[in-house]
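Q: If you want the building blocks of each chain, they are given just below.
Protein chains: 2
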Amino acid sequence: MRHFEQELEQLKGKLLEMSALVEAAVQRSVAAVVQKDRSAADQVFRDEERINALEMEIDEFAINLLATQQPLAADLRLVVAALKINTDLERMGDLSVTIAERAISLLSEPVIKPMMDIRHMSALVESMVRKSLDAFVANDADMARSVLASDDAVDSLRTASYHELISYMEKDPQNIPQALDLIGITRSLERIADHSTNIAEDVLFLVKGIDVRHHSEVR
Amino acid sequence: MRHFEQELEQLKGKLLEMSALVEAAVQRSVAAVVQKDRSAADQVFRDEERINALEMEIDEFAINLLATQQPLAADLRLVVAALKINTDLERMGDLSVTIAERAISLLSEPVIKPMMDIRHMSALVESMVRKSLDAFVANDADMARSVLASDDAVDSLRTASYHELISYMEKDPQNIPQALDLIGITRSLERIADHSTNIAEDVLFLVKGIDVRHHSEVR
Chain P
173 MRHFEQELEQ LKGKLLEMSA LVEAAVQRSV AAVVQKDRSA ADQVFRDEER INALEMEIDE
233 FAINLLATQQ PLAADLRLVV AALKINTDLE RMGDLSVTIA ERAISLLSEP VIKPMMDIRH
293 MSALVESMVR KSLDAFVAND ADMARSVLAS DDAVDSLRTA SYHELISYME KDPQNIPQAL
353 DLIGITRSLE RIADHSTNIA EDVLFLVKGI DVRHHSEVR
Chain G
173 MRHFEQELEQ LKGKLLEMSA LVEAAVQRSV AAVVQKDRSA ADQVFRDEER INALEMEIDE
233 FAINLLATQQ PLAADLRLVV AALKINTDLE RMGDLSVTIA ERAISLLSEP VIKPMMDIRH
293 MSALVESMVR KSLDAFVAND ADMARSVLAS DDAVDSLRTA SYHELISYME KDPQNIPQAL
353 DLIGITRSLE RIADHSTNIA EDVLFLVKGI DVRHHSEVR
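Going line by line, the protein sequences match chains P and G. Using the numbering used here, the letters of the first sequence correspond one by one to residues 173 to 391. Using the numbering used here, the letters of the second sequence correspond one by one to residues 173 to 391.
Pulled out of the complex, with its shape left as it was, chain P reads as follows (with noise of 0.2 Å):
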């Protein structure tokens, strides 16, 4: 193996180690939400240096990999794409950390509605995060294309929540400030999920040599 593609393949270990550090937080962020669980929430906390400091470690390692190596074509795309998926991992652990503050708010209330909906769409979310990247490192046009669909559900998940929180909110204003934090919960974890999705439309980028960010060839 070349140099070079050790290099490529320390920098997608790194991002996968990202990816996992992430993952467990969403994880962790849901379970402080869902199952009260306050120890979880701090972890998410304690988790986060090490997140923001693994993007930092990341990013560099992929500078120092164009400037030592000047990497052209499907290579220098693959580095670009690993500092875009870079950034998108770093703010899905700040969503954690949203989503952790939430939870730690709700402890002392009593839960006004089942949390089925959050576990489902957390559940999705989850899985989504572990599907990009794993796309990204198998090179797997096909799973990208099925982090795309999953957005669509997560999107529809997100919308009815948000229907059904509002109408507990009408029925008893003192559910309002705990509907707040649900709805704010579920947005967080839809905007995990657009990260995935961006992630997903760079593997694709890188795949299939096609732009579908802004267009509609996947969804």
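No lab work stands behind these hints: they were computed from the structure. Check the hints yourself; a few may be wrong.
Remember, identical chains collapse to one label, so a pair may be satisfied in a single copy or spanning two.
[Stated by the list, open to error] Mimicking EDC-like on lysine to aspartate or glutamate, the simulated pairs with C-alpha atoms at most 16 Å apart in a straight line are: (1) Lys256 <-> Glu227; (2) Lys184 <-> Asp344; (3) Lys186 <-> Glu227; (4) Lys184 <-> Glu232; (5) Lys186 <-> Asp306; (6) Lys256 <-> Glu232; (7) Lys184 <-> Asp306; (8) Lys184 <-> Asp312; (9) Lys343 <-> Asp209; (10) Lys186 <-> Asp312; (11) Lys184 <-> Asp266.
For chain P, the structure is supplied; the task is to place chain G on it using the hints.
A: Frame of chain P, contents of chain G only:
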């Protein structure tokens, strides 16, 4: 001027064109809200296509620049920063569309509260967008720092408006849908401010060579 420097200037010019479009979109989306101006919202929807096309064009231009010029050190970092800034600008365009959509949903409703806080917040956010790009083009660390300082002011305005809107909802459940739209609008403005902050951080990284993203040096 070397050919490479000409190309860098072209890249900066394209980003300025993009940011002018985004700034106008933010401004129009807010006008659609506070002046109930449907045509302003429609213009935001129309301009989204141009912003999306420009995002892809700038990415292509930057990647070609990396491939053909193989820049090193500061020049390489500048091109990488341009790629990141491009992504942030496009997301700001998306957020203007979100605001314009909320504006449409508010068109037919009587106004429940004065819009002064949204005007105030959006004036601040628009200046952040402009300053963050000016800082990039002029390599101006002080201007970048002033963007970071404004971010806290935007967060405070958003928090104050959030609590006010909760009290409107609690007072009369009929206010809930409109208050949720207004909360969504201020949240989108806050996220546009966050993207300007990302850009300012990239500029500080370029100018000072230090990564302030997850530090407190400038806050």
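Q: Each of the hints needs a verdict: does it hold here or not?
A: Verification of the hints:
1. For the identical chains of this complex, Lys256 and Glu227 are neighbours both inside a copy (11 Å) and across copies (13 Å), given an alpha-carbon limit of 16 Å.
2. Taking the shortest Cα distances, Lys184 and Asp344 never come within 16 Å of each other, neither inside one copy (50 Å) nor across copies (53 Å).
3. Taking the closest pair of Cα atoms, Lys186 and Glu227 come within 16 Å of each other only inside a single copy of the chain (9 Å); across copies the shortest separation is 27 Å, beyond that limit.
4. Taking identical chains as interchangeable, the C-alpha atoms of Lys184 and Glu232 lie at most 16 Å apart only when both belong to the same chain, with a minimum of 14 Å there against 22 Å between chains.
5. For the identical chains of this complex, Lys186 and Asp306 are intra-copy neighbours only, at 13 Å inside a copy versus 34 Å across copies, given an alpha-carbon limit of 16 Å.
6. Taking the shortest alpha-carbon separations for Lys256 and Glu232, both the intra-copy value of 13 Å and the inter-copy value of 14 Å come in at or below 16 Å.
7. Proximity of Lys184 and Asp306 under a CA criterion of 16 Å is satisfied intra-copy only: 10 Å inside one chain copy versus 34 Å between copies.
8. Taking the shortest Cα distances, Lys184 and Asp312 sit within 16 Å of each other inside one copy (14 Å), while across copies they are farther apart (34 Å).
9. With identical chains, the CA atoms of Lys343 and Asp209 are never at most 16 Å apart, being 28 Å at best within one copy and 32 Å at best between copies.
10. Taking the shortest Cα distances, Lys186 and Asp312 never come within 16 Å of each other, neither inside one copy (19 Å) nor across copies (33 Å).
11. In this assembly of identical chains, Lys184 and Asp266 lie within 16 Å of each other by CA distance neither inside one copy nor across copies; the values are 21 Å within and 29 Å between.
Checked against the numbered hints given earlier, this structure breaks hints 2, 9, 10, 11; the rest are met.
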